[in-house]
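S.K.: Sequence:
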Amino acid sequence: VSLEFRKGAGQDWKKLTGEAACHPAGDDRRRVAIVLDEKVISSPQVDPSVGCRAGLPSGATQITGSFSADEARDLALLIKGGALPVPVEIVEQRTVGPTLGAAAIDASAQAALIGAAATALFITVVYRLFGALAAMALGAYGVISYAALVALGVTLTLPGLAGFVLAIGMAVDANVLVFERAREECADRPARSLRSALTTGFQKAWSAVADSNATTLIAAGLLFFLGSGPVKGFGVTLAIGVVASMFSALVIARALTEIAANSRFVSDYRGVNGIARPGAVRTWLVRKDPKLFRKSARWLVVSAALVVVAVAGIVVRGVDLGVEFTGGRLVEYSTSRPVDVETARDRIAAAGFGDAEVTTAGDGDLSVRTGKLDNDGEHALRAALADEGGETTKVRDELIGPSLGDELRRNALIALGVAVAVQLAYLAVRFRWTFAVASVVAMVHDVILVVGAFAWLGRPVDGIFLAALLTVIGYSVNDSVVVFDRVRELWGANRRTPLDTIARRAVLQTVPRTVNTGMGALFILAALAVLGGDSLADFALALLIGIVVGTWSSVFTAVP
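By our numbering, the letter at position 333 of the sequence shown is numbered 333, and the numbering carries on one by one without gaps.
Note that these hints are calculated values from the structure, not bench results.
All residues carry an ideal CB built from backbone N, CA and C; glycine is no exception.
There could be a bad hint or two in this list.
Stated by the list, open to error - Quick list of in silico lysine-lysine cross-link-like pairs, BS3-like style, CA-CA up to 27 Å:
id: 1; residue 1: K394; residue 2: K372
id: 2; residue 1: K80; residue 2: K39
id: 3; residue 1: K80; residue 2: K7
id: 4; residue 1: K372; residue 2: K288
id: 5; residue 1: K204; residue 2: K291
id: 6; residue 1: K14; residue 2: K80
id: 7; residue 1: K288; residue 2: K204
id: 8; residue 1: K14; residue 2: K39
id: 9; residue 1: K15; residue 2: K39
id: 10; residue 1: K39; residue 2: K372
id: 11; residue 1: K39; residue 2: K7
What the hints assert, rightly or not - Restraint-style ranges between C-beta atoms, simulated for each label pair:
id: 12; residue 1: R410; residue 2: A60; range: 48 to 54 Å
id: 13; residue 1: T434; residue 2: V308; range: 23 to 29 Å
id: 14; residue 1: W284; residue 2: R410; range: 47 to 53 Å
Kindly produce the complete structure, drawing on both the sequences and the hints.
M.R.: Following this line, the structure appears as structure tokens:
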């Protein structure tokens, strides 16, 4: 390996080798150590021909030895690279054991299939033939989304899989909007053809579909640019899923339903198609005609009371920030013998980790969360558990440096703030500014209730929770957009009608859509919560709470 020195480095080398040459051959002090980041990578001995204080020539020198060509090349690269300017510090590390990873993937995939099948069955029962055709279009959505993920080289994480499944709800929402509008057209003009009613349904539902999907894409974009690794994956798959779901609902499902609408059998037997009759929910609303907003202030009082309870939970119980936002290390262990939490906590404290938090996780596993913990400390911690639980296996390990934890926490707050501001601006452009403010108030109401619920339940608030929260924001605005789109349409047709009457009609006309869309999403989320394993349980729980409170707020908070 030949060395050539720059500037005055050759003189330093000559002086260094001259001092080493003063020692006899074979003496370790005649060697010159080359150190890279406190590690000796080579220690050649100065040639016996070099005299004391004479040193090697300053222009160039050689290192010879019995190493191979590859070893010589590696040594040259290391010497050429020089010392790194800063020490290397791990700021984020996530490890999932093969057993946990395989189990989580299997459970999540099973939950996704069951949830999607239940949703497809539900829309088939509600909308009959046209619902079955929409379910077929969902299959096309799956193929398109998967092809896009493969083409982009996206790594599918568990949150990413959840985004893939969640977008099914967006496709169902678009189909429900269209079918409910077509039902209204058939109810208003019973003599019109099925094809005409369906075409009008697609035309009138377009603005609501576009606006609702745009708000979800905004949330997905924020997750990608401001989230951590797994959360970015959720944002990518959610965005791809939203675009694919719109295509499947507005192109593929439309083509299939219009072909069916041209069939004489479907036209003659109107009970088969699913849109020629108003449906049970719409029939009940027309018969009862509830005066929802006769005393609208009472609904605002109920919403305010719920917010007070949620804020009390945040203040009294506190928010349990996950290791992703605080920094530290979270390790999950599986033991061959059952170990209760108190015993595990005592064993770990006796090993010198008195500040560690120990909880149960998964199927009898133990989760240990500490501040700064190096690998030697992790081995000692595992040994302490092994004394009580026998063979102990590490199934999950997450390390977040304090600097990254601060950054992720800051990005989470920025994401929430930007989400509110962008949604407000978008809605102000698409609707009246008063509608935008009402939607944002309802959205903030939903965020507070979801965070408060997690505070009362003692569940962790981490990056996955942030993904769920931003999705709730998109869903909340989505619901409000559908109602306000109908208010705008009805008010534009009759400006003399009082706004409270217009609002009541808009709510009653969109309730069937809200109920059916919510049910479709609930099937998917319930499957993820029950069958998706510990990895996605909190994510699904946050969305379940968010959908329920979002449905409430879009009607009883935003509209009043």
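S.K.: Which numbered hints does this structure break?
M.R.: When the structure is compared with the hints, only number 4 turns out to be violated.
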